[in-house]
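Q: Following the hints, complete the assembly by docking chain B onto the known chain C.
This is what each chain is made of:
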Amino acid sequence: MLRFFHQLGSPKYFYHIAGRWIPWLAGIFILLVLAGLYQGMVVAPTDYQQGDSYRIMFIHVPSAWMSLFIYVVMAGAGAIGLIWHMKLAEVIAISSAPIGASFTFLALVTGSIWGKPMWGAWWVWDARLTSELILLFLYLGVMALYSAVEDKRTAARATAILAIVGVVNIPIIHYSVEWWNTLHQGPTVTKFGAPSIDLRMLIPLLIMAVAFKLFYLLVVLMRARVEVLQRERNAQWVRELVDAP
Amino acid sequence: MSTLSLRRAFTLLLWRDMLLAFRRRTEMINPLLFFILVTALFPLGIGADPALLRSVAPGIIWVAALLAAMLSLDSVFRSDFEDGSLEQFLISAQPVSILVLAKVIAHWLITGLPLLIVAPLLGLLPDLPSASIGTLMLTLALGTPVLSMIGAIGVALTVGLRRGGVILSLLVLPLYIPVLIFAANAVESAGAGLPITAHLSLLTALLVLSVSLSPLATAAALKISLS
Numbered sequence: 000m001l002r003f004f005h006q007l008g009s010p011k012y013f014y015h016i017a018g019r020w021i022p023w024l025a026g027i028f029i030l031l032v033l034a035g036l037y038q039g040m041v042v043a044p045t046d047y048q049q050g051d052s053y054r055i056m057f058i059h060v061p062s063a064w065m066s067l068f069i070y071v072v073m074a075g076a077g078a079i080g081l082i083w084h085m086k087l088a089e090v091i092a093i094s095s096a097p098i099g100a101s102f103t104f105l106a107l108v109t110g111s112i113w114g115k116p117m118w119g120a121w122w123v124w125d126a127r128l129t130s131e132l133i134l135l136f137l138y139l140g141v142m143a144l145y146s147a148v149e150d151k152r153t154a155a156r157a158t159a160i161l162a163i164v165g166v167v168n169i170p171i172i173h174y175s176v177e178w179w180n181t182l183h184q185g186p187t188v189t190k191f192g193a194p195s196i197d198l199r200m201l202i203p204l205l206i207m208a209v210a211f212k213l214f215y216l217l218v219v220l221m222r223a224r225v226e227v228l229q230r231e232r233n234a235q236w237v238r239e240l241v242d243a244p
Numbered sequence: 000m001s002t003l004s005l006r007r008a009f010t011l012l013l014w015r016d017m018l019l020a021f022r023r024r025t026e027m028i029n030p031l032l033f034f035i036l037v038t039a040l041f042p043l044g045i046g047a048d049p050a051l052l053r054s055v056a057p058g059i060i061w062v063a064a065l066l067a068a069m070l071s072l073d074s075v076f077r078s079d080f081e082d083g084s085l086e087q088f089l090i091s092a093q094p095v096s097i098l099v100l101a102k103v104i105a106h107w108l109i110t111g112l113p114l115l116i117v118a119p120l121l122g123l124l125p126d127l128p129s130a131s132i133g134t135l136m137l138t139l140a141l142g143t144p145v146l147s148m149i150g151a152i153g154v155a156l157t158v159g160l161r162r163g164g165v166i167l168s169l170l171v172l173p174l175y176i177p178v179l180i181f182a183a184n185a186v187e188s189a190g191a192g193l194p195i196t197a198h199l200s201l202l203t204a205l206l207v208l209s210v211s212l213s214p215l216a217t218a219a220a221l222k223i224s225l226s
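Going line by line, the protein sequences match chains C and B.
Each residue of the first sequence is one higher than the last, beginning at 0 in numbering that gives the first Met the number 0.
Each residue of the second sequence is one higher than the last, beginning at 0 in numbering that gives the first Met the number 0.
Among the hints, erroneous ones may be present.
What the hints assert, rightly or not - Over 12 Å on every C-beta distance to chain C, these chain B residues come out as not near it, computed from the model:
| hint | residue |
| --- | --- |
| 1 | R6 |
| 2 | A8 |
| 3 | W14 |
| 4 | I45 |
| 5 | I59 |
| 6 | S84 |
| 7 | F88 |
| 8 | S91 |
| 9 | P113 |
| 10 | P119 |
| 11 | A130 |
| 12 | L160 |
| 13 | I166 |
| 14 | G192 |
As the list claims (entries may be wrong) - Covered stretches of chain C (chain B as the covering partner; in silico rule of three or more C-beta atoms under 8 Å from a C-beta of chain B):
| hint | segment |
| --- | --- |
| 15 | 133 to 147 |
| 16 | 150 to 162 |
Said to hold, decoys possible - Dumping the calculated BS3-like pairs for lysine-lysine here, alpha-carbon to alpha-carbon at most 27 Å:
| hint | chain 1 | residue 1 | chain 2 | residue 2 |
| --- | --- | --- | --- | --- |
| 17 | C | K11 | C | K115 |
| 18 | C | K151 | C | K86 |
| 19 | C | K86 | B | K222 |
| 20 | C | K151 | B | K222 |
| 21 | C | K11 | C | K151 |
By construction, these hints were calculated from the structure, which means they are not laboratory data.
Note that the structure is predicted; figures quoted are calculated from it, not measured.
For each residue, glycine too, the CB sits at the ideal point set by N, CA and C.
Extracted from the complex, chain B is given alone in its bound form:
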């Protein structure tokens, strides 16, 4: 039996997950539609006053992104859990945390990156200034990977449960709060012409922290869930 190098296992798994996602495109598109729909609901609920909408838009777009990221989480491990390949990953010779990292990165490329691409369009709807739209994209680029990383821990804990969805949101949403605060604040400050370096540095710090620590916690949680 030949053993794979770690780098090769990582890229293979990443490639496999991307390929699987591209074969089932509707699963990629659904969170995106959800994201757009939720942001479109708010003006209907709070009125179409342009000044009001412009002031609440950063928060709304980010909350919608948060919910979309959370809804799409379930698919990180679900199908692998159901067909048993998750168990194969756990008993493979490679460190589980690295495999988990590959899966979560693939998941972000599939569900997080599209949010980033439609975000400027959503920013145009409430007529955000262009500085805000740039910042919005930047915060989404830094923030959504954190959401995927933290969310993966929650999914790993609930993957064995039959109705894990509601519990997942209860576990994960409180942990999303720092990202929401810094990101939405940054977009708002950019709109007001204030410096946003501090927000971006903090978001980057969260990203580094979550990428380095959360795969370990996710791997441990998967081992427990499948034991």
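So here's chain C without its partners, still in its complex pose:
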């Protein structure tokens, strides 16, 4: 097991192993997302209050979860890269940033589409919306810093520090915004004891959450492979790969 991780740290092994995983991940993702969408759009009952428009939550809620999850992964990978000088962790951290930003954006857009009929406005200065918007800016800051620094190793290390600072700040920002103003509907899944959500709605939601996680894994591996190739473009194995017929 340890040997496996050690080998995974080498760009060449990573490139090949990731290449083998990608089709499997893609297959499972497609199956899950189809199952989740079918369950969510067809099987799940209509909400007594919100009608059918609540169904956008099967996209909205998993993306919102992913937006935070990816930021933590990014900071964690960045910290690993800083501490143990593991190149692959840097690559994962950097490849995660645009995906996380996209999920954050998706959560904001779906939230505002849902908010128009429910709240009567595309945007309200609600606590969770606002902290999600701030999260988007944190992602954009990470991406801007990475593209501004020319030497990509330095850039990766600098963005890792920024991501760690951001992770320390996210709870502070979240709670400060929470106390500032709140109007969003309370959490219905993570309540301890019995969740206040119907099981037929919960199951597709969880399926979609797993599908989104797989999608992230899939895309981050694809991006990381490209990044590895770019970084190692002068290495022998990349040349052999390119020269191979």
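A: Below, chain B alone, put in the same frame as chain C:
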């Protein structure tokens, strides 16, 4: 070669930065002018209705203070980076985070403290009640050092870049939001006669947290930027 004690290095660096700033006074005054100008722009933009101005003044003054603090940030490490003394700090025998702390404190004394001094005047313009003005000064005293501390991390990350200014604002402004929320809220609550102990405690907590953690992050960022 004699080695300095840590305390001596700290005070020497603080003194040096203060002295350098006093030799170039316009750099100290510019953020201050900016602060006053921005707060004067708002009444021109939103109208001179006294009731409206009084209700939005805490937010405006704090946003202006935030922007002024951010604009002045660049000078924390810029000149030391350009003449190479920053590298000397990094290879010195003293812990870099303590030296960074000295530099940031000097920077706050130069750019943050003046904001505190003109703030009561700016509070008089929209006719804030005196309780609000006292709170405004208190929140600025607690809040602006946090801004300098957090900002120093951003500057350390961007100091090697040729055009770091815009990126710096993108990095730093989201992190300033908690300070803005608690501080502006406190001034507003004080004006309405509500208790503000909770806001002040939270601001103090932010101050303690940022003073203890941000020099470490700044030192690490400087090492990366100069590597």
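Q: Please write out, lowest number first, the hints stated earlier that are contradicted by the structure.
A: 12, 13 and 17
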